[in-house]
Amino acid sequence: MEYSEVVGIRRSIRFFDPDRPVEREKVQKILEAMRLGSCAMNAHWLRAVVVFRDEMSPESFEKVKLPVAGVIMELAPVHIYCYGDLSVVAKDHGARPKQLIDVGALGPSHGWTYRFIDEFVWPQVLEPLYKNSTYPAAMAFDNGGCATQGLLMAYNLGLGACWTAFNTEGAKEVLGIPDDWLPHYLLNVGYPLESRAAGGQRPRPPFEELYFEGRADNPFRRDRAVVEELEREKMIQAPAPLPGRREEMRQLARKLGLPE
Amino acid sequence: MLVKPIRSHDSVAAWDAGLRRQWGGDPLGEDPAKLEVLDAFCRLMDRDPDELVAFCFLRKRATGERFASAKRREELLLKLKEFETAAGRGVEARRRRSQVVSFLSHNGVLIY
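Order-wise, the sequence lines are chains A and B.
Following this note's numbering, the numbering of the first sequence begins with 1 at its first residue and continues without gaps.
Following this note's numbering, the numbering of the second sequence begins with 1 at its first residue and continues without gaps.
In short, the hints are calculated from the structure, not lab data.
Treat the hints with caution; some may be incorrect.
Derived pair list, reagent style DSS-like, types lysine-lysine, alpha-carbon separation capped at 30 Å [said to hold, decoys possible]:
no. : chain 1 : residue 1 : chain 2 : residue 2
1   : A       : K255      : B       : K81
2   : B       : K81       : B       : K4
3   : A       : K172      : B       : K71
4   : A       : K63       : B       : K81
5   : B       : K71       : A       : K63
6   : A       : K63       : B       : K79
7   : B       : K81       : A       : K172
8   : B       : K60       : A       : K63
Predicted model only: the values in this text are computed from it and were never measured.
Model the full structure from these sequences, guided by the hints.
In structure tokens form, the structure reads like this:
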């Protein structure tokens, strides 16, 4: 599938086929996509713990689920618990950006040298960063980008997915999470029982309310021709609700014995 | 024990309105078994539908603000499990439980 279509077909899938397992190699491909995400200073804070639902005991499942996410977690055969490892920068002491110099990604043309990292980047940027209260937010931003690559890979592989919260205290105990891992979200993965369109693209705020040019009070002009091009590429698709969506939801609820 | 008809309760009216808004038509009228299941669960809990919804919430002493009680949710979950198990296993038994969960959801009670 082309990238534009993968972006376009992504929906939060909430009805999974509970009896159709996800192939282990597809799970690995999702993780491989996460690993290749962009990350400041090559830090790579993202950690993910994969749980194959049927390998988790009912007692453990009760500990990790939340009421608001329980149905999705019960239906999805694979759970990928995402965390940020807050210890990375402290342990690393600038070694990871140096790797980027070694492999030719960074160089003196942009001011990057070993000495610059040792004498400026580490003591004046990285060390203060990880002691700063904004550090988790910076880490979470990068981790969200990396995790989204995995999310899109799931759709590229014919799967569906949905981010949910989870019981972080329970998961810490059940999954053996280290103290310095900050919980993010849980990616539920499985084969959708919903149609591929899943009722259509979800509502979004108007483009001009979100994006600006030059100044924060000057909306970025949206070119209709570009929109039409993206429609042809299936990135922008028919908006929800598509005809018959409610009936589809009702039939799925009945099939799975869920509340209406 | 219900002392008045089940449909006369505000919480049942809220369920009815929620189902109509979500699915259209007259879901409670078209499927009277939904009310029978709720009635059976109310008997198990020895509460009428309005009392069942009220049971899920407590109020803060200081402000009077209503909040969902985690302890009572646990209690209700156990009763739902008992209710489901009494109907056997599989999707049919689960549907029975889901009718009650639907009633609770349309009354703002999140339970799973």
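### Query
Regarding the pair B:K81 and B:K4, is the alpha-carbon distance no greater than 30 Å?
holds, 27 Å
- Query: Keeping to a limit of 30 Å between CA atoms, is the pair of A:K63 and B:K81 held or broken?
  - Reply: The hint holds at about 17 Å.
* To do: For the pair supplied as a hint, A:K255 and B:K81, confirm whether the alpha-carbon distance does not exceed 30 Å.
  => Roughly 20 Å separates the two Cα atoms, so the pair holds.
Handout entry: Hinted pair B:K81 and A:K172, Cα distance within 30 Å
Key = Distance ~26 Å between B:K81 and A:K172 Cα, so the pair holds.
Subject >> Straight-line alpha-carbon gap B:K60 to A:K63, limit 30 Å >> reply: Holds: B:K60 and A:K63 sit about 27 Å apart, inside 30 Å.
Would the hint linking A:K63 and B:K79 be met if the CA-CA limit is 30 Å?
Holds. A:K63 to B:K79 sits at ~19 Å (cutoff 30 Å).
30 Å limit on alpha-carbon distance, applied to hinted pair A:K172 and B:K71: holds, 22 Å
Q) Given the proposed pairing of B:K71 with A:K63, does the C-alpha separation stay at or below 30 Å? A) holds, 15 Å
No hint from the list above goes unmet by this structure.
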